[in-house]
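Let the sequences and hints guide you as you build the complete structure.
Protein chains: 2
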Amino acid sequence: MSVNATVTVEVGLGDRAYDILIGSGLLLRAGTEISRRLPGTRAAVVTDDNVAAAHLETLKAGLEKGGIQPAVITLPAGEKTKSFAHLEEVVDGVLAARLERGDVVIALGGGVIGDLAGFAAGIVRRGMNFVQIPTSLLAQVDSSVGGKTGINSARGKNLVGVFHQPKLVLADTEVLDTLPIREFRAGYAELAKYGLIDRPGFFAWLEENWGKVFAGGPERAEAIAEACRAKADVVARDEFETGDRALLNLGHTFGHALEAATRYDSARLVHGEGVAIGMALACRFSSRLNLASPDDAARVETHLRAVGLPWRMADIPGELPDAEALLAFITQDKKVSRGALTFILTRGIGQAFIARDVPASEVLSFLRENHPGRQSRPGPQKSSPGQQKSRPG
Amino acid sequence: MSVNATVTVEVGLGDRAYDILIGSGLLLRAGTEISRRLPGTRAAVVTDDNVAAAHLETLKAGLEKGGIQPAVITLPAGEKTKSFAHLEEVVDGVLAARLERGDVVIALGGGVIGDLAGFAAGIVRRGMNFVQIPTSLLAQVDSSVGGKTGINSARGKNLVGVFHQPKLVLADTEVLDTLPIREFRAGYAELAKYGLIDRPGFFAWLEENWGKVFAGGPERAEAIAEACRAKADVVARDEFETGDRALLNLGHTFGHALEAATRYDSARLVHGEGVAIGMALACRFSSRLNLASPDDAARVETHLRAVGLPWRMADIPGELPDAEALLAFITQDKKVSRGALTFILTRGIGQAFIARDVPASEVLSFLRENHPGRQSRPGPQKSSPGQQKSRPG
Numbered sequence: 001m002s003v004n005a006t007v008t009v010e011v012g013l014g015d016r017a018y019d020i021l022i023g024s025g026l027l028l029r030a031g032t033e034i035s036r037r038l039p040g041t042r043a044a045v046v047t048d049d050n051v052a053a054a055h056l057e058t059l060k061a062g063l064e065k066g067g068i069q070p071a072v073i074t075l076p077a078g079e080k081t082k083s084f085a086h087l088e089e090v091v092d093g094v095l096a097a098r099l100e101r102g103d104v105v106i107a108l109g110g111g112v113i114g115d116l117a118g119f120a121a122g123i124v125r126r127g128m129n130f131v132q133i134p135t136s137l138l139a140q141v142d143s144s145v146g147g148k149t150g151i152n153s154a155r156g157k158n159l160v161g162v163f164h165q166p167k168l169v170l171a172d173t174e175v176l177d178t179l180p181i182r183e184f185r186a187g188y189a190e191l192a193k194y195g196l197i198d199r200p201g202f203f204a205w206l207e208e209n210w211g212k213v214f215a216g217g218p219e220r221a222e223a224i225a226e227a228c229r230a231k232a233d234v235v236a237r238d239e240f241e242t243g244d245r246a247l248l249n250l251g252h253t254f255g256h257a258l259e260a261a262t263r264y265d266s267a268r269l270v271h272g273e274g275v276a277i278g279m280a281l282a283c284r285f286s287s288r289l290n291l292a293s294p295d296d297a298a299r300v301e302t303h304l305r306a307v308g309l310p311w312r313m314a315d316i317p318g319e320l321p322d323a324e325a326l327l328a329f330i331t332q333d334k335k336v337s338r339g340a341l342t343f344i345l346t347r348g349i350g351q352a353f354i355a356r357d358v359p360a361s362e363v364l365s366f367l368r369e370n371h372p373g374r375q376s377r378p379g380p381q382k383s384s385p386g387q388q389k390s391r392p393g
Numbered sequence: 001m002s003v004n005a006t007v008t009v010e011v012g013l014g015d016r017a018y019d020i021l022i023g024s025g026l027l028l029r030a031g032t033e034i035s036r037r038l039p040g041t042r043a044a045v046v047t048d049d050n051v052a053a054a055h056l057e058t059l060k061a062g063l064e065k066g067g068i069q070p071a072v073i074t075l076p077a078g079e080k081t082k083s084f085a086h087l088e089e090v091v092d093g094v095l096a097a098r099l100e101r102g103d104v105v106i107a108l109g110g111g112v113i114g115d116l117a118g119f120a121a122g123i124v125r126r127g128m129n130f131v132q133i134p135t136s137l138l139a140q141v142d143s144s145v146g147g148k149t150g151i152n153s154a155r156g157k158n159l160v161g162v163f164h165q166p167k168l169v170l171a172d173t174e175v176l177d178t179l180p181i182r183e184f185r186a187g188y189a190e191l192a193k194y195g196l197i198d199r200p201g202f203f204a205w206l207e208e209n210w211g212k213v214f215a216g217g218p219e220r221a222e223a224i225a226e227a228c229r230a231k232a233d234v235v236a237r238d239e240f241e242t243g244d245r246a247l248l249n250l251g252h253t254f255g256h257a258l259e260a261a262t263r264y265d266s267a268r269l270v271h272g273e274g275v276a277i278g279m280a281l282a283c284r285f286s287s288r289l290n291l292a293s294p295d296d297a298a299r300v301e302t303h304l305r306a307v308g309l310p311w312r313m314a315d316i317p318g319e320l321p322d323a324e325a326l327l328a329f330i331t332q333d334k335k336v337s338r339g340a341l342t343f344i345l346t347r348g349i350g351q352a353f354i355a356r357d358v359p360a361s362e363v364l365s366f367l368r369e370n371h372p373g374r375q376s377r378p379g380p381q382k383s384s385p386g387q388q389k390s391r392p393g
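Protein chains in written order, with the UniProt record's numbering: chain A, 1 to 393; chain B, 1 to 393.
Just so you know, these hints were derived from the structure itself, not from any lab. No false leads were slipped in.
From the structure, some residues in chain B lie toward chain A, with a derived Cβ separation under 7 Å: (1) 84; (2) 153; (3) 163.
Note that the structure is a prediction, hence the values are computed from the model and not measured. Each residue gets a CB set at the ideal place from its N, CA and C atoms; glycine is no exception.
What follows is the structure in structure tokens.
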């Protein structure tokens, strides 16, 4: 496989099926790929300040090759842009460009831009065409597959949105070289997640090859493709998240609680880092509940540590709220169904499953035992459910 | 059939199928009917000041019978409520009530409330359950079937929204007795539309029985049911409006232009009145293009006049913009696809069809000939394509 080879992943969703193209130099091919699928289309590009500075001119040159001269809507970078106010701004910009239902909204950016632009595309004229050009690793392996779009509410993240599938995703692996390493690592956590859910062979491959994925060789495209395939398989089984799709939340229940506990302060914790710690905690919690071997939990922790990701609450700079407060964040999480605590737990690497009715008392004990405020924390290798039953205070 | 009999219309949309119940006293049965379909559900009622004053207490008593004590979100009455600001208000109110995806948003009101509440239900947590309790005749025969929801933009009406099907529609025919007669008549125009589209027998039945529909006998429920069946048939064929569903726009292209031309001033013209004039014009235009008999156009005009509806531009109080300006409103209409003029025309009563690429010049000539500013206007009975070729100015 040459460095420039493009991998195609087909997301099979019946009449909403689409392709994800993964490879280098795709920004310059955007016009050709889009106009091949949507002949004669007009377009609006939604992006943010940072991404526009780095990639907008390249994308415009690429679109021009397909005869597309887009309207451009540039928003401030950052999570706060996922708001009603900016949604209205994008909607108005698309309507101002006089685009019709058969025209296309193109998201050029990370998850924030993808979620916001996808939501706008889903509601202007009750649904326009949508193309994603994710520029972060997290967006390439996560939000580019599955059709979830949305904004945040004062009452929580991603509480408002629609399911709206793109017509095409262009994951340009070259643009990832412009990412800060911390952001690349955070995206890697979501990528490794698919190995932990149901692809043990992929996780083992990552243990061997993660260095090449970071370096940008053909392994990077292959790893992204495998993550997209894994997510696409789950989404195809459960497009509207009524069942199996919850598996994708592995690491997210603990992770969201930690993000909330650090007030979404990206200096302390970004989403992918929260997911990394959350996955390690979910594996450790599964081991504590005698569902999985502590060796598997240790293996996950070791790999996350190896790539430079945080893997335990103690890795978060600054003080955390106590275990009771963390539990309160968990019970507020939107994935809580009618008061029962639902967790994604695991029987081992690649054997995640949906556990409903997990007792809050078990979660609280576990959080207390693993809280950095606790005087002596058991090392991963030593911990076992039997040894952890003593509780502080 | 007794006055209290309830008619059920099933809207067949696969796993999104739902029932429309039509009859008197349904507000008081709301709790029973909803909790039968959605056991254990919690609810938020979205309504407006006017409807709340007339019907909220009755509905709350009805919900109580099913064990439902709803949160209530009351908005100002009127078209201006279909805005981003009020959408955000409803979304926030639903989230504040801590409703989950399996809970229900209930719209109690006319089209504005149904469109707005349905849109909110479609985007909170990416789609909650939705129940419509339409309190206007227009909403009972139109917006309660088909799943279109939305708000207005500064750039046009209904330009932003989603398709979101309700789980249940309760059309209480008794509440219609509280409507001003002008509003009832406006809704009747949409009801008669289904006869003109593809149910000639229904139109003939209405010509005989319209008085009983207005009076509120069992014929009212039967007429509403037949209109709902007619719309449901079209929607089942084309849920996402990519084809046949456009037939439902009979009368709407001219109608929307007249609404825009009167700046949505309800003192001059309400939506259903615009549709009435629009249907008469669509039939007359079809006759002018030699597609339909002028007798059919005259029959439509006669019936609209008989029930007290406006049927020609001259029936609109105040001055209208000239024919060129009206054409400009038509070409700005959202149903224009890629610059070509699409109209719903007819070969006779009950024989509507989608005509694409209607020449703008023909529309302009027709508008000039039928414009009230024209010195002498041909009477309906006398007009024929041959006689109308002379143009003013």
